[in-house]
Amino acid sequence: MSWEGFVSGLRSAVVWVMDAASVPVLVYFVLINTSLLVLVVLAYLEFRAQERRRATALSWQGAGLAPGVSLLVPAYNEEAGIVTAVKSFLTLRYPRHEVVVIDDGSTDQTFARLEEAFDLVPLPRELPQEIPVRARVLGVFVPRDGRTRLLVVRKENSGKTEALNLGVNAANEPLVAMLDGDSILEPDGLLHVTRPFADDPTRMVATGGAIRPVNGSRVVSGRIVRVDMPQTWLPRIQLVEYLRAFLLGRTGWSRLGGLILISGAFGLFRRDVVVEVGGLEPGTIGEDFELVMRIHKRLRDEGRDYRIEFVPEPVSWTEVPVTAKVLRNQRRRWHRGLWETLWAYRSMLFRPRYGRIGWLALPYYWLFELAAPLLELFGIVIVPLALLLGVVNVSFAVLFLVLAYGYAVLVTLSAMVVDEWAFHKHDRWRAISQTIVASVLENIGYRQATAWWRLEGWWASLRGRRHVWGVMTRTGFDEDPA
Amino acid sequence: MVVIGGALVVGATVAVLGACVLLVLLVVAVRARRQLRQRRDEMLLSPLRPPLITVAAGEDDDGTAVHTLRRAAGDSRTVLDRNIVGLLTKIRGVPAEQLVGVLEKHGAVHAAARELTSRSTVRRARAAQVLGLARAGDTVPLLVRALDDEAVEVRNSAAYALGLIGDAAAAGPVLSAIGHPERGLPAATAAETLQSMGVGISEVLRAGLHDAHPRTRMVAAHLSGERSFTRGLPDLRHLLDHDADVTVRETCAAAIGRLGRAEDVEVLARHTGQDEPLSLRRACTTALGELGDPAAVPALAGLLVDPDPRLAELAATALLGLGPRGREALVAHEDGPAVRSARLMASLQRASA
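Chains as they are written, first to last, in my numbering: chain A, 136 to 617; chain B, 64 to 416.
Hints were generated in silico from the structure; no laboratory data involved. Among the hints, a few may not be true.
FRET-style restraints, in silico, Cβ to Cβ [to be verified]:
{"id": "1", "chain 1": "A", "residue 1": "A192", "chain 2": "B", "residue 2": "G384", "range": "35 to 45 angstroms"}
{"id": "2", "chain 1": "A", "residue 1": "A190", "chain 2": "B", "residue 2": "H301", "range": "42 to 52 angstroms"}
{"id": "3", "chain 1": "A", "residue 1": "G599", "chain 2": "B", "residue 2": "H301", "range": "34 to 44 angstroms"}
{"id": "4", "chain 1": "B", "residue 1": "P204", "chain 2": "A", "residue 2": "A506", "range": "51 to 61 angstroms"}
{"id": "5", "chain 1": "A", "residue 1": "L512", "chain 2": "B", "residue 2": "H305", "range": "52 to 62 angstroms"}
{"id": "6", "chain 1": "B", "residue 1": "K153", "chain 2": "A", "residue 2": "T169", "range": "42 to 52 angstroms"}
{"id": "7", "chain 1": "B", "residue 1": "R177", "chain 2": "A", "residue 2": "A190", "range": "53 to 63 angstroms"}
{"id": "8", "chain 1": "B", "residue 1": "P297", "chain 2": "A", "residue 2": "A192", "range": "37 to 47 angstroms"}
{"id": "9", "chain 1": "A", "residue 1": "R358", "chain 2": "B", "residue 2": "D304", "range": "44 to 54 angstroms"}
For clarity, every value in this text was computed on a predicted model and none was experimentally measured. The C-beta atom is built at its ideal place from N, Cα and C for all residues, glycine as well.
Just chain A, with the same shape it has in the complex (with noise of 0.2 angstroms):
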């Protein structure tokens, strides 16, 4: 075949291609950015109240109805920071709290240097079996005071699932607040949190809290001490991502009623939900996701009266990928997660029984969080080559890139007024140019390489590719910015 013949056969595909997909497209464009806007209209609806309760608020140290809360902290050599991050933890304000430690089989210090922190002594307890634990516990230790609320519970190494799943059973309180071992939480952070729990107590059975990269800031014994930007610019893409995720997706849904999923990073849940459905699926990739639809199912299958929350106050800060290579692996593995446990709530979709998750939720989770990244790689392979071929106006391509970038801007431009209105976390001025800049270098890059991950972790997914953890690089907290 000649050059000219092997052109315009390809010119001829593309414009069958153009042709066939232009309807499908346009709508999805248009849904996407419909959705979007509603997401918008809500954030600024949930700016308004934030204003009003920021305005009146009452100050509530958690007097009364506060259920009492045991922390999960599940730990796999995290010998580095886990003594400050326990000791921030039980310095939390809250009336009634515990941390249970789980030494995930560490092969550091981690142990070692719990045991010496807190002079812990072994405690001849048998901790229930309400959620089937298949690791062998090694041992269940207190610190020999008597008084510091903490348990550490050492078992083989099984991962996290099961490590948190141990914690539920050894847990002493009504609920469990499910952690990361590098999580900071915001002093008051429990306090917000367990307040839908103590207003609602009969109905509520899960909340989760607005999570802030921590990078950048500086951190010292475990406490935030002054918020700053990230140093470079993959940490502040992702503060962006993370301000429209919690602001808008987040806050959006709850407000809808339709809230799916809570972070496994901070999220809190009622303990007795927790065993009645059966713990945290072992094997699965998102757990947390996985677990906020189990209970949404059996609730709603038992026709319970029940609510799930966000609380859009910043609770838990975290650590965010700062090299390519292991944000590549947390989104191959977000994606994974996600994909895994649409397809196995998928007869929750479009049945009444289940509301607005089945009708709402779920739908929008296959339509613009599933399958984005495949529309958005389509448009990055058939754009360029329809202008190569002269196919498209090259004027117009360029007119609907930026209308298309430009909304996404938009969308993280309405985060930022509801961030500045009503939380105001950054008080340097220069914070509010690098967030500009940062939402519209996501365009260029940033998001086309997390569209293509996102795929693979998918694509793994399908073909049956057993999922390998991989090691987030963290550069720990000290005394100087993280």
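Let chain A serve as the given structure and place chain B on it in line with the hints.
Here is chain B on its own, set in the frame of chain A:
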């Protein structure tokens, strides 16, 4: 068609980019406004800060500081009143009374009563708070009406104010506001409000135990235990036996543990059986220990071999607190992890006491 499509895209692009620019300006404006307002408030308050601190610290012996504060006028007065309201949440006694006097002199308390019907949610909520902090007892009927406000912030603030005023006559409306279908009062606020009212609320709590809404029953049960209102015991027992909501039953168990009598051993023990939800069994076991009656020993001893090791340990812990008879019951199970664990925890706690 293509021209129309092109024009649409151009129009949409311009609109989106224009909206982006507006939002950037809005972010900047929000921050600038906040900072300017802070500076302005600081400036207005600075001459009044020393007398304010003197009064708040209870050191205004000759009354000159209060006099200075009472004379404040214009914007300074507005900022001062706002700061006084903030301080009133932290101080008590004579300084608080003096500051309330300043607010009254400025007409802030009178204005607050009027503002309870303002169109602004924030104004209504703040007005309710001012009335509470000023202990304006004559505004209780207005505050009770505000419990039915469309905004939860106002309902919360009204309940908070009623708690500060402490008039038991408002207990009924507060308790029944919890179960309102659309305009419910958050249970935590209601509980705090009722907690700060006197013994006159016992009958209201008793009635609350029969409310149709589980949240109301739970608050009533919780407070009956906290305040040791023994008249509610028969109803608590009934709810523990029959309530459809397990959270309410657990709360009743805890309340009975606090204020129950010897005959409640049997009531609580009944719900430690394996046919009951585990969380309720544990709550009843703990309550049996709280009750502190040696009559609970046989029931608790039977739980030492329970398949749930946590329940067994709770029973062992409870027995340790029941004197010689309780400790005697542990002997037969001395080698079990439940007893060994409970003993170790008790000895560590004793050593640190």
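So, going through the hints one by one against the coordinates:
| no. | hint | verdict |
| --- | --- | --- |
| 1 | A:A192 / B:G384: 35 to 45 angstroms | 40 angstroms, holds |
| 2 | A:A190 / B:H301: 42 to 52 angstroms | 43 angstroms, holds |
| 3 | A:G599 / B:H301: 34 to 44 angstroms | 56 angstroms, violated |
| 4 | B:P204 / A:A506: 51 to 61 angstroms | 58 angstroms, holds |
| 5 | A:L512 / B:H305: 52 to 62 angstroms | 60 angstroms, holds |
| 6 | B:K153 / A:T169: 42 to 52 angstroms | 48 angstroms, holds |
| 7 | B:R177 / A:A190: 53 to 63 angstroms | 19 angstroms, violated |
| 8 | B:P297 / A:A192: 37 to 47 angstroms | 40 angstroms, holds |
| 9 | A:R358 / B:D304: 44 to 54 angstroms | 47 angstroms, holds |
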